[in-house]
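Engineer: Residue numbers (the working numbering), protein chains in the order written: chain D, 1 to 166; chain F, 1001 to 1201.
The hints are simulated quantities; they were obtained by calculation from the structure and are not laboratory data.
Hints should not be assumed to be uniformly reliable.
Simulated DEER-style distance windows between Cβ atoms [stated by the list, open to error]: (1) Ile155/D / Asp1049/F: 28 to 34 Å; (2) Thr1154/F / Ile155/D: 26 to 32 Å; (3) Pro88/D / Thr1064/F: 49 to 55 Å; (4) Ala156/D / Leu1046/F: 22 to 28 Å; (5) Asp1049/F / Leu76/D: 49 to 55 Å; (6) Asp1049/F / Ala136/D: 52 to 58 Å.
Computed list of chain F residues with no C-beta within reach of chain D, every gap over 10 Å [to be verified]: (7) Glu1009; (8) Asp1013; (9) Arg1023; (10) Phe1065.
For glycine and all other residues, C-beta sits at the position ideal for the given N, C-alpha and C.
As a plain string of letters, each chain reads:
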Amino acid sequence: MDRKQLERWLAEEEGGHDDAADAAFAQLFTAMPRLEPRPAFVEQAVAAAWQWRARRRRLVAFGWAAAAVLVAAGALAAYLASPTLAPPFIKVLAFVSGRAVPWFVSYATVAMSSWLTLVHVGGVIASALVTPARVAALVGVELFGLLAFFALQRIAGAGRFGDAQV
Amino acid sequence: MSVAASDAELARDALAGSEAAYRELVTRYATPAVNFIFRFVRDRALAEDLAQEGFLRVYQRLNTFDPSRRFSSWFFQVLRNITIDYLRVNRLPTSSLDELAEEGNQGAAVDRESASPEQIAGQRELAAAMSAALARIRPEYREVVVLRYQEGLTQPEIAEILGLPSGTVKTYLHRARKELAGILAEQGWGPATETLSSEVP
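Work the whole structure out from these sequences, hints included.
Structural biologist: Given below as structure tokens:
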């Protein structure tokens, strides 16, 4: 990195030769000092990754073992308890489903008819209120909102590195 | 493992459990990673810590790396996210220009064998001035400058990393160089100053 390289770049920049300025600046910047990480950097990074890998493998192995134990315990419990538990369980299931299913069907029917009534009322009100001018105004407001949201996003994006500024 | 293995091959081998492949990948990218982050946090130890975090995150997400993409683009994207996350949470202390110039002096790579002491001092001074100027430009400009000129990435690669159109990257580079030239000229590094001083008898 020397003064001549700097001057060449500045001259190209001054002359408006974008490609030449780009090449001259690249040459200048290549000679910028670079930090070398401390000698243990690589070993530390590898060790951290391999520790994480070992931990993850242990977790996965533990997960599989726990799942296998649970399945085996469940199967054993089902096998041992089935003669005594199965008939009452099936009776309870039949009782509950016999009461619940008709109730659910009737409830859904009532809910559906209420909803359809609301839809009808909403449709009547909307047809009374909607005019081309009002629709245009509504669309305009929505577009304005979208643009404002987009602008805010751009501003927030520009400020992401704000703390790094001197 | 071949010495000339590509980054994508190393990533694949590392994912398959090859520690040597991962070590080679870290060796290749350690210096670029630390230097990239350093330009934003201006603290060597912090840059190394964040780079360590970056390498760990890269390893944890190696299974999401698409080998059809360039590894360097993906890698710098991860580093950038880590840097942004850090800067969002932590406010950096405001540095004076003297401090920035001092940072620019860290590890100044000057050609000591062929240069005179005056030339070495001049090169160091220029490197420090450039480093300080770089710290003064807008962060998004600094980002493209570092990726383009320090890490040697192409404009489409930078566009991919930053999620910007290629044309915007080109514009940012152009404006960044203009701003840097302006700052350096302000500080007396411009050719006009040189000409004037050389005209003085």
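Engineer: State for each hint whether it applies.
Structural biologist: Evaluated hints:
| no. | hint | in the structure |
| --- | --- | --- |
| 1 | Ile155/D / Asp1049/F: 28 to 34 Å | 30 Å, holds |
| 2 | Thr1154/F / Ile155/D: 26 to 32 Å | 29 Å, holds |
| 3 | Pro88/D / Thr1064/F: 49 to 55 Å | 50 Å, holds |
| 4 | Ala156/D / Leu1046/F: 22 to 28 Å | 24 Å, holds |
| 5 | Asp1049/F / Leu76/D: 49 to 55 Å | 51 Å, holds |
| 6 | Asp1049/F / Ala136/D: 52 to 58 Å | 56 Å, holds |
| 7 | Glu1009 | 18 Å, holds |
| 8 | Asp1013 | 13 Å, holds |
| 9 | Arg1023 | 5 Å, violated |
| 10 | Phe1065 | 14 Å, holds |
When held up to the earlier numbered hints, the structure conflicts with hint 9 and nothing else.
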